[in-house]
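Below, each chain spelled out in residue letters.
There are 2 protein chains.
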Amino acid sequence: MTKMKDKDAKALGKMFKALAHPNRLQLFVEILEQSEAAFEEGHDCFANAIMEKLNVGAPTISHHLKELVNADLISTERKGKFLTCQVNPDAMKRLGAFFAR
Amino acid sequence: MTKMKDKDAKALGKMFKALAHPNRLQLFVEILEQSEAAFEEGHDCFANAIMEKLNVGAPTISHHLKELVNADLISTERKGKFLTCQVNPDAMKRLGAFFAR
DNA sequence: CCAACACTTCGATACTTGTCGAACTATACG
DNA sequence: CGTATAGTTCGACAAGTATCGAAGTGTTGG
Numbered sequence: 014m015t016k017m018k019d020k021d022a023k024a025l026g027k028m029f030k031a032l033a034h035p036n037r038l039q040l041f042v043e044i045l046e047q048s049e050a051a052f053e054e055g056h057d058c059f060a061n062a063i064m065e066k067l068n069v070g071a072p073t074i075s076h077h078l079k080e081l082v083n084a085d086l087i088s089t090e091r092k093g094k095f096l097t098c099q100v101n102p103d104a105m106k107r108l109g110a111f112f113a114r
Numbered sequence: 014m015t016k017m018k019d020k021d022a023k024a025l026g027k028m029f030k031a032l033a034h035p036n037r038l039q040l041f042v043e044i045l046e047q048s049e050a051a052f053e054e055g056h057d058c059f060a061n062a063i064m065e066k067l068n069v070g071a072p073t074i075s076h077h078l079k080e081l082v083n084a085d086l087i088s089t090e091r092k093g094k095f096l097t098c099q100v101n102p103d104a105m106k107r108l109g110a111f112f113a114r
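Protein chains in written order, with our numbering: chain X, 14 to 114; chain A, 14 to 114.
Worth flagging that the hints you see were computed from the coordinates, not collected in a lab. Heads up, some of the hints might be wrong.
Any copy will do: because identical chains look the same in the list, a pair fits if it lies in one copy or spans two.
[Claimed, not checked] Cut-off 20 Å, straight-line C-alpha distance, at most; resulting in silico cross-link-like pairs (EDC-like, lysine to aspartate or glutamate):
(1) Lys66 to Asp21
(2) Lys66 to Glu43
(3) Lys79 to Glu43
(4) Lys27 to Glu54
(5) Lys20 to Asp85
(6) Lys66 to Glu49
(7) Lys30 to Glu80
Since the model is a prediction, treat every value here as computed from it, not as a measurement.
Make a model of the complete structure from these sequences and hints.
Now the structure itself:
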């Protein structure tokens, strides 16, 4: 039986909370898929492009991105005028481990 | 690149939403660990025992359990006066697969 | 049948949060 | 510079929901 530490539970909870909203989940999946495409095709994942896919305004996207970052699910980087998003591999590993029992 | 179907996203979203609340996550983890212990020691996971660990009333537990069931994360079974909880293995597999990219 | 126990349903309340418009900052480009 | 574009911050409002107490259902054991 794999016991869980309190700290882990809190971090996981934050992640689940971040993924709990449909728009934010879609946002995350979009970044996930774009990141995979980026790796193959050599371009970055631009927040700009994602916003067009979701049917919400810029302030909302900004808010959601901040929550994903805050949950350590992704990280963002300013590239001149634009913002690029990267999935945090550690988060994926951690979540994957949680469900692999 | 692993594309995702709309139906999958909706099911996953439900699961994340169910795990998003601290008490519900703790509830789920408790069931998870109890289930593992149950397998080894041959007893079931009783809702009754879990309620004593969380600091909330019976109505709240009932409500949360229903949401976990509704998200297909667990299933419950009446055993006489008591209620037993089992983790749904399919849900674990599905979630594990999502984060294993 | 009655009392005790485990859980559920209902209604109310308090808190959280997703969303937007408006105003702001930062960068690029003539 | 001045204008356009990308993103952020702020304040407000609507919608969702976690929680509880009270009352209800089902089951066990006397």
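Hint-by-hint comparison with the structure:
For the identical chains of this complex, Lys66 and Asp21 are inter-copy neighbours only, at 18 Å across copies versus 33 Å inside a copy, given an alpha-carbon limit of 20 Å. In this homomeric assembly, Lys66 and Glu43 come within 20 Å of each other (Cα to Cα) only inside a single copy, at 9 Å, whereas the closest approach across copies is 38 Å. Taking CA atoms no more than 20 Å apart as the test, Lys79 paired with Glu43 passes inside one copy only; the shortest distance there is 15 Å, against 30 Å between copies. Taking CA atoms no more than 20 Å apart as the test, Lys27 paired with Glu54 passes in neither setting, with 32 Å inside one copy and 32 Å between copies.
In this homomeric assembly, Lys20 and Asp85 come within 20 Å of each other (Cα to Cα) only inside a single copy, at 14 Å, whereas the closest approach across copies is 26 Å. In this homomeric assembly, Lys66 and Glu49 come within 20 Å of each other (Cα to Cα) only inside a single copy, at 17 Å, whereas the closest approach across copies is 42 Å. For the identical chains of this complex, Lys30 and Glu80 are neighbours both inside a copy (9 Å) and across copies (15 Å), given an alpha-carbon limit of 20 Å.
Violation of the numbered hints given earlier is confined to hint 4; every other hint is satisfied by the structure.
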